[in-house]
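Undergrad: With the hints as constraints, model all of the structure from the sequences given.
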Amino acid sequence: MLRAVKHPLRGFGVRPFLQPRLAPFAASRVCGPCPTAGLRFATSTPPTFSSPPSNTSAPASNPPSAADALKEAPIEHTGASASQAHSDAHVPEGYDEGAAGKVQREHASIFISQVLPIQLGSFDPRPRIASWFEESLLKELVSITDELKGRYAFQVESWEVARKDGGMFCHFSYVAPSVDQLPRKAFVNEFHTPEEVLPNPVSAAALFLPLFIEAAHKHGGWPTWVGPWWSSLLEGRGINRRASVCSNEAGHHLYSGNLAPPKGGADGHAPELRGWQRTAGAGRVWMVRGRQWTEDMNRFPSARLRVEFDGPDVSQEVMYTLFRPYGRIYDITPPTPVASGQLRSALVTFRRISTAVNASNSLHGFLSPSKSADYEGQVSDAPHSRLRIYFERPLNTHSFRDWVSKHPRIALPVLAFLIGMFSYTIFDPIREFFVKARIEGMWNLDQYPVVKLVRDYTVNPIKNTFWPSRGKKWKRNVDDLGRASFRDRVEAERNVEHWLTEFPSTFIVITGPPGSGKHGLLDHVLKDSKKPNIVIDCAEVGKAKTDAALVDGLADQTGYWPVFSFLQNINGLIDLASVSLIGQKSGFSTPVDQQMRNILDIVSSALKKVSSHAQEERISAQEQQRKDILIAANRERRKRIVEHGIWHDGRIDCVAGTGPISELGFGIEEMTENDVDAPAPLMGSTSPIEGEAVPPTGSSIAFDKEVEAATQPEKPEAEVDTDAELIKTLPVVVLRNFAYKPARGDLWNVLAEWGASLIENKIAHVIIVGEGSVASKALTTALPSKPLNQVNLSDADDYNALEFVREKLSVDGHPVDLTAEDTVNVAKLGGRMVDLELLVYKVRNGQSLSAAVDDIVLRNAVEIRKTAFGDDSEEAKALPWTRAQAWKVVSSLASKPELGYAQLLSQFPFKGADTSLRSMEEHGLIFISTSMGGRTCPAMVKPGKPVFRESFKELVDDPVFHAMCQIEYNAAVIKKAEADIAGYEAELAQLKNIASDGDRLNMATTGWFGNGSAVHQRAKYLAESLGACMEKIRKAEAENAEQVKAFAVDGKQQRRK
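Quick note, in UniProt numbering, the sequence shown goes up one by one and the last residue is 1057.
By construction, these hints were calculated from the structure, which means they are not laboratory data. Be aware that a few hints might be false.
With a cut-off of at most 25 Å between alpha-carbon atoms, the simulated DSS-like pairs for lysine-lysine come out as follows [claimed, not checked]:
| id | residue 1 | residue 2 |
| --- | --- | --- |
| 1 | LYS527 | LYS452 |
| 2 | LYS627 | LYS527 |
| 3 | LYS741 | LYS777 |
| 4 | LYS911 | LYS942 |
TA: Rendered as structure tokens:
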């Protein structure tokens, strides 16, 4: 009958051989020299913690504590020979000392694993925590080893802590007995298998491994830093389990006769060691078969071991036989070719890190045969190789870098994606928070009640005490100047407020010259609406000279932070390098337009959250208001009940009453209006006696209807306009100084598209503030199908302009008096704030008011001459309009305050060329106002500034300049007329050919061109048009002849001067 017997070492490459063949090699492996290095703690019997000398250990007179021994023990690098003798050895019973002479002591070491945590990296906190328990753990280990006293003269020489590997070394010495002194049961087995071959019976493994395991079993297992429960768990997974499943770990079974494998651990005793456990160890105690190396470098344990061969290569069969006892092996990688002078190495991959740690500490420095035949046959002269074992990290340090360098086409786009995802995950929420804080005014300290309280009661009194105001009068600022001057200002403000109460459907555009009060109007509207708003000053953004400055400016205006615009140059260099490497851009660099769109997308997301937050606050405020009304109503109700004497606390009856009083009391329920007794009859009369009050009734003190009426909303739920409530929470986006001048990139189009997206998605109202209608082109492009809600503000009137100058020129707060001539001169400048402030500056510097006005008019005339006509003909060709068109506008506006847009556009030299007029408006020469009926329909053409009208007159009154411009204008008229005449003549020639063939076609009746035919009518029209063109030419040439005389007169005046 065959019985399944667990076979632990099948597959190790061990063939059956006799015990005497194994003994010499086992003795050399286990009991050879074992030098140690690291922290060593010497001990003797009784065990103490001191630093022993290199050759012997003596007990200390004042033994320190275990903690002091851990701190002060010196690091020794001395080894102990296996043949070293000690005279003070404990001789085993039956040992013939006289026959042997001196007693020789053998030295060996064991490694106890998982006493401390295995350090996995530099930032692993567990070893630092476990260091607090080293003293107690060492005491427990000493108590376990004390169980071995008197067994083969056992003596602990020192303890060594391997903190990174999480274990401890126990270095001990003993007196090896002879084979005859050992019980026969120790080396005779009832049934023999290849794996049941015993080690040398007098080796340290054969003598002490069972004793160590039995001693630990008596003390509940080997100690660990986590606690006894973890030690029990490890023991359950350790030797008790290995004794029964070691054959399963090897992956096979061995079937033998009727002999069953021994069972251990079932009767409470330590299980019996079998197979390779008798040589290598089991559970958490392992024999050190080589020379352990304890170091404190930044090399941390891993599941992979690099085994270097100091000698010939060791075969995989031998390596499997050596390393398999410590745990499951995933793979063994054979040695690869290396450079000359370097040691060849193989890689052994374990299943767990703990098993790799046990193998490294047990087999490092082991002298192993290179072939399996030499290992099994124990050939003495066979070549041996010393194993040097090191931990190998699972991932090579530079593997990722090498992979990136080899595959940039894949790695660079993936890296760009990861960076973008990291930015989206980490930085975008931060940026959104700061944008939201700017919109809601989180950083505005003036809105906090505490700041207002401190300012009103501390700062302002101190300021008024030490720096009094001295009674200065209020003076008008720029916004006051414009605001007081508009008669239609109230209507404009009302229109803007009305548009803000609707869902956003188009841009709200507020235009006007400087000083017109557009900013004051907007601030007043925003303050009254109490809506969250964000103001972006486009002038600060547009003045950037570089792309990085442009992005920084937009981020600063929106509160977008953090921003890494300086990385754009680096990203550009990376893209340039990727083009040279892989032939395409890696995607790191982003165009400036896309960067601005990314910023504005974050702002849009913040605006949505601001609107949602405002809506939630409004709802919570309404709920709180209802609760407050209900609380006040209940308080009033209680007050009425108390006043009428109805209130009664039923708990008084339970506390103070006894017997029937408690039972017949009112009860513990609160009394209400329904508990009021019916009033007594009034003695047959319906009116109370004089001086007597009417008894209270439930209806007279009932308050429920009043409470219900107070807590009900003003309107029924069906009548509440939910859209209106939602509109109140929509934020407002203000773009100041929009499109005031050309900017880098596509700034104005990007802002216009972003504003259009806010409007279309009903996220926010967008208000555009500018000085002219230049922004209309970009806005209409963004919203082509919707007209703009536009408000045009004009300059101050003459009265307010005069008042502004008087107040600015005041002395000690008293306005100066201006003469009638001064009033006329100030009226020449109009109500433009820039010109009025320049006038005040000149007058304060000592110049007369009339001279200052003339100087300002003359300066503007020079500016117009240069801007509209150019310095020379070459510069005039680069202008978007012709000199004839400029002279037409200047000469017409010099005599009229305004011109009809459609009328001017239909006349020569424009003839429908509205581009020229729009270009003049962009350069500030003219201002095109819109009609009242159509919001964007141009109606009138006015001077760009009020002072331009006087400057236009100055240019027209200059005889030489007038003559030059008029001659050039007439030249354009003549050129146009001659071109028309040439066309007329060519068409008349064609009509003549048609008329000559009219006889054949029966078209002509009488006359050269026929009589009454269509050809005759067309020829007549062409002849009349030709005559008109000739008349224009004659008048233009005659006018040119007159204008030439102005040059002669000017020459005579110059000679007289």
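Undergrad: All hints are to be evaluated individually against the structure, with a verdict given for each.
TA: Status of the hints after comparison with the structure:
1. LYS527 with LYS452: holds, 18 Å
2. LYS627 with LYS527: violated, 29 Å
3. LYS741 with LYS777: holds, 13 Å
4. LYS911 with LYS942: holds, 19 Å
When the structure is compared with the earlier hints, a violation turns up for hint 2 alone.
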